[in-house]
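Q: Those protein sequence lines, which keep their order, are chains A and B. By my numbering, the letter at position 170 of the first sequence is numbered 170, and the numbering carries on one by one without gaps. By my numbering, the letter at position 153 of the second sequence is numbered 153, and the numbering carries on one by one without gaps.
Don't read these hints as lab results, they were simulated from the structure. Since the structure is predicted, the reported quantities are computational estimates derived from the model, not experimental observations. One should not assume that every hint holds.
Note: identical chains are not told apart, hence a pair may lie in one copy or across any two.
Unchecked claim - EDC-like mimics (lysine to aspartate or glutamate), calculated; alpha carbons at most 20 Å apart, straight line: (1) Lys201 with Glu211; (2) Lys201 with Asp341; (3) Lys201 with Asp100; (4) Lys353 with Asp241; (5) Lys201 with Asp355; (6) Lys201 with Glu286; (7) Lys353 with Glu248; (8) Lys201 with Asp96; (9) Lys353 with Asp247; (10) Lys353 with Asp325; (11) Lys201 with Glu351; (12) Lys201 with Glu98; (13) Lys201 with Asp95; (14) Lys201 with Asp151; (15) Lys353 with Glu199; (16) Lys353 with Glu336.
Number of protein chains: 2
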Amino acid sequence: MSTDNTAETTEASTGSESKCGASEARSASEASGEAASSSTAAQASTEPSNESKCGASTTETSTESTCGAASSDASASKCGASSSSDEQEVGATVDDFEGDPGRLIAVGLGPGEPEGMTARAKAALADAEHIVGYTTYVDLLPDDVTDGADDIYSTPMCGEVSRTEEAIDRALAGNDVAIVGSGDPNVYALAGLALEILESKGGTASAVDFEVVPGVPAAQSCGARLGAPLVNDTVSVSLSDHLTPMDEIESRLHAIAPEGFTIAIYNPWSRKRRENFQRCCEILLEHRDPETPVGIVHGASRDDEATMITDLGTLPELGEADIVDMTTTIVVGNGETYVWDDRMVTPRGYETKYDY
Amino acid sequence: MSTDNTAETTEASTGSESKCGASEARSASEASGEAASSSTAAQASTEPSNESKCGASTTETSTESTCGAASSDASASKCGASSSSDEQEVGATVDDFEGDPGRLIAVGLGPGEPEGMTARAKAALADAEHIVGYTTYVDLLPDDVTDGADDIYSTPMCGEVSRTEEAIDRALAGNDVAIVGSGDPNVYALAGLALEILESKGGTASAVDFEVVPGVPAAQSCGARLGAPLVNDTVSVSLSDHLTPMDEIESRLHAIAPEGFTIAIYNPWSRKRRENFQRCCEILLEHRDPETPVGIVHGASRDDEATMITDLGTLPELGEADIVDMTTTIVVGNGETYVWDDRMVTPRGYETKYDY
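Using the sequences and the hints, build the whole thing.
A: Here it is, written out as C-alpha cells:
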C-alpha cells in the first residue's frame with residue numbers, strides 16, 4: 001500500500017463522480033505532487049518522459065507533466081500546500097451525514113498480483129459495498145472479488161488525500177467501504193491518513209468499525225526475490241522528502257548506516273529529487289564498504305519486474321538507470337551480507353552456534 | 001516465519017522419522033536453545049513455568065525445562081554451540097544423493113491463521129510433495145493445502161536447524177519440499193538458514209530452484225491491530241541475544257532511539273533474558289519521552305491474542321506481565337505518534353501539506 005506521493009496531478013472530485021451522502025456538496029480541488037523547480041522541469045523536459053502517471057487533466061505542455069495545473073505557476077504548486085492560494089479545504093464532517101455509518105477497512109493487497117493477496121483481504125473486498133483505490137491497483141483486482149461491490153471508485157496517482165476522504169465520506173454515509181493499496185496499509189500507506197482524516201471530520205474509528213487488513217509489504221516481496229537479505233534487524237526508510245524533510249532523512253541514514261542493520265529503501269529516485277538518491281549513497285558509503293551487496297527490485301510482481309544484485313560502490317551510477325524509479329525497492333546488506341549463487345544472504349547468526 | 005530460537009530442546013532425528021534419501025544415515029543430536037545460568041534456572045524453577053514448549057524428551061526436572069538434556073550440565077548446554085563436547089556435526093552433502101534434486105520453497109504463512117496466508121502460499125503448499133515445519137504452524141495448516149502432500153514432517157520449537165536440514169535433504173533427494181513458518185521467511189526466519197545449509201552441503205540455490213514465498217510479517221500483523229503505528233520509517237529489532245550479541249543490540253537501540261523511527265521489537269522477553277527487555281526500555285527512555293505511545297500485541301491471530309496500548313514510561317513494568325513474551329511484538333511510536341480512539345497513529349506527514 002505504498003502511497004503514490006510523487007507524481008503530480010490535479011484531481012477535480014466532482015459531484016458526478018460521487019456516489020454517497022454529503023460529498024456531492026463538495027468541490028474539491030487538490031493540487032498535489034511535489035513541486036518542480038523551474039530549472040529542474042526545464043532539464044527534465046529534454047529527456048524522455050516516463051514520469052507522467054496522472055490521468056487527470058493537465059494544462060502543462062511540458063513532456064514531464066507537473067500536473068499542478070490549477071496554478072499558473074507550476075513551480076510553486078506543492079501537493080495541496082497551504083501556501084497555494086487556490087487551495088480549498090475539502091470535506092464534509094460527520095454532522096453532514098444522517099443515519100448509522102458503515103464500515104471502513106484499509107486492505108493491503110500485497111505486491112499487486114492477485115496471488116499475493118491474503119484470503120482475508122479477498123474476503124474483505126468481496127464483502128465491501130464500495131471499493132476505493134488508486135486506479136492501477138483497482139485494475140489488478142480479480143473479478144471475483146469486485147463483482148459483489150455496488151461501486152468501485154478509483155482515481156489516478158497522487159490523489160490519495162481526496163481518495164481517502166471519498167472513502168471516509170462513503171463510510172460515514174452508511175456504506176461498507178474497503179480502501180485498497182499495494183503492500184501493507186501500515187507501510188508508507190493510507191491506514192494513518194484514513195484515521196487522521198476521520199478524526200478531522202469528527203468521526204471515530206470505533207463508529208466506522210475501522211479495521212486494517214495487513215498485506216505483504218514491498219520490502220518482503222523484494223527480499224523474497226533476492227533470496228534472504230532481510231533475516232536480521234532491518235530498517236525501512238523512504239527517500240521521498242515530499243512529507244519528511246531531507247535533513248531528517250539524512251540524519252536517519254547517518255544513524256543506521258554504521259550499525260548492523262540491513263536497509264530497505266523505498267521511493268529511491270524520481271526525476272524531481274535525484275539528488276536524494278545520490279546523497280543517500282554518499283552517506284551509506286561513508287559508513288559501509290563499497291563491496292556491501294545491494295539488491296534492486298523494480299516492479300515486484302508486475303509485468304516490468306526486474307531484479308539486480310550489485311554493490312554499494314556501484315549504486316550511485318544506477319540512479320539514472322531504468323531499474324531505479326518509484327516502483328523500485330533497494331535492499332542494502334549489512335556487514336555480514338554476502339552473495340551466493342545469485343542470491344543475497346544475510347546470516348541470522350546460526351553459524352556462530354551451529355556446525356552445518 | 002519467526003524462528004523458534006528461544007525455547008530449549010534436544011531433538012534426536014532418527015532414521016525412522018526420515019522419509020528421504022541419505023538422511024537415514026544420520027544421527028543428529030542437536031542441543032539447542034539458550035543456556036540458562038544455574039542461578040537463573042534456580043530462580044525460574046520457583047515460578048510457574050510457561051516457558052516449556054518442547055515436545056522432545058527431557059531429562060531435566062526443573063519446572064522450566066532447559067531441554068538441553070543430552071548434556072549433564074544444563075548450564076553449559078548452548079544451542080548446538082561448538083563448545084558442546086557431545087555435539088555431532090549433522091548432515092549429508094550433495095554427493096550423498098543420486099538423481100536430480102527436487103525443489104525447495106520457503107513459504108511464509110503470515111500471522112498463522114489460514115486467512116492470513118496468501119493465495120501463492122496456499123498454492124505452493126498444495127503443490128509440495130513434502131511439507132516441513134514447526135509443529136505449531138504445521139498444525140494450523142488447513143487440510144485442503146496439506147492433503148496433497150506425500151509427507152508432513154514437523155518438529156517442536158527449537159529444532160530449526162535440524163528441521164531445515166531435513167527439508168534440504170529431502171529436496172536434494174528429489175522431492176519438492178515446502179518449508180513453512182509464520183510471518184515472512186525473510187523476517188528473523190529460515191530463508192537465510194536454508195541457503196546457508198544448502199551451501200554447506202555443496203548444493204546450489206539454482207539446483208533446487210530455491211524460492212521464497214513472502215508472507216505478512218508479525219510487525220504488520222500487529223500494526224494492523226494497533227491502527228496505523230508504522231506508516232513512516234520503521235526499524236525492526238530483535239531482543240534475542242541468542243544469535244546476536246547484546247552489545248550490538250544495545251548499540252543499534254542507541255542509534256535509532258533519537259531518530260524519528262517507529263520501532264517494532266521482536267522477541268522482547270523470555271525468562272532467560274528478562275534483563276534485555278529492561279535494558280532496551282532504559283535505552284529508549286534515555287532518548288524518548290516517557291509518554292511516547294507503545295503498542296503491545298501478544299499472539300496475533302491466535303487464540304490467546306491480546307492487545308494493549310500504553311506508553312514508554314510504563315513499559316518497563318510490563319516485562320513480567322503475561323502479555324509480554326516470545327509471541328509478542330511491541331511497537332514503539334516515534335515523536336509524532338499519538339493515540340486516538342484506542343488506535344495508535346503515526347502521521348505520515350500529510351498534515352504538513354494538506355488541510356483536512
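Q: If a hint holds in the structure, say so; if it doesn't, say that too.
A: Structure-based check of all given hints:
1. Within a single copy, Lys201 and Glu211 get their C-alpha atoms as close as 18 Å, which meets the 20 Å cut-off; across copies the closest is 46 Å, which misses it.
2. Taking the closest pair of Cα atoms, Lys201 and Asp341 come within 20 Å of each other only across two copies (14 Å); inside a single copy the shortest separation is 54 Å, beyond that limit.
3. With identical chains, the CA atoms of Lys201 and Asp100 are at most 20 Å apart within one copy only, with a shortest distance of 15 Å there and 63 Å across copies.
4. In this assembly of identical chains, the alpha carbons of Lys353 and Asp241 lie at most 20 Å apart only when taken from different copies (12 Å versus 42 Å within one copy).
5. Taking CA atoms no more than 20 Å apart as the test, Lys201 paired with Asp355 passes between copies only; the shortest distance there is 11 Å, against 59 Å inside one copy.
6. In this assembly of identical chains, Lys201 and Glu286 lie within 20 Å of each other by CA distance neither inside one copy nor across copies; the values are 46 Å within and 37 Å between.
7. Taking the shortest Cα distances, Lys353 and Glu248 sit within 20 Å of each other only across copies (17 Å), while inside one copy they are farther apart (38 Å).
8. In this assembly of identical chains, Lys201 and Asp96 lie within 20 Å of each other by CA distance solely inside one copy; the values are 10 Å within and 67 Å between copies.
9. For the identical chains of this complex, Lys353 and Asp247 are inter-copy neighbours only, at 17 Å across copies versus 41 Å inside a copy, given an alpha-carbon limit of 20 Å.
10. Taking the shortest alpha-carbon separations for Lys353 and Asp325, neither the intra-copy value of 40 Å nor the inter-copy value of 23 Å comes in at or below 20 Å.
11. When the C-alpha separation of Lys201 and Glu351 is checked against a cutoff of 20 Å, the pair qualifies only between copies, where the shortest distance is 14 Å, while the shortest distance within a copy is 54 Å.
12. Proximity of Lys201 and Glu98 under a CA criterion of 20 Å is satisfied intra-copy only: 14 Å inside one chain copy versus 67 Å between copies.
13. Taking the shortest alpha-carbon separations for Lys201 and Asp95, only the intra-copy value of 8 Å comes in at or below 20 Å, while the best inter-copy value is 67 Å.
14. Taking the shortest alpha-carbon separations for Lys201 and Asp151, neither the intra-copy value of 23 Å nor the inter-copy value of 55 Å comes in at or below 20 Å.
15. Proximity of Lys353 to Glu199 under the C-alpha cut-off of 20 Å is restricted to the inter-copy arrangement: shortest distance 17 Å between copies versus 50 Å within a copy.
16. In this homomeric assembly, Lys353 and Glu336 come within 20 Å of each other (Cα to Cα) only inside a single copy, at 16 Å, whereas the closest approach across copies is 40 Å.
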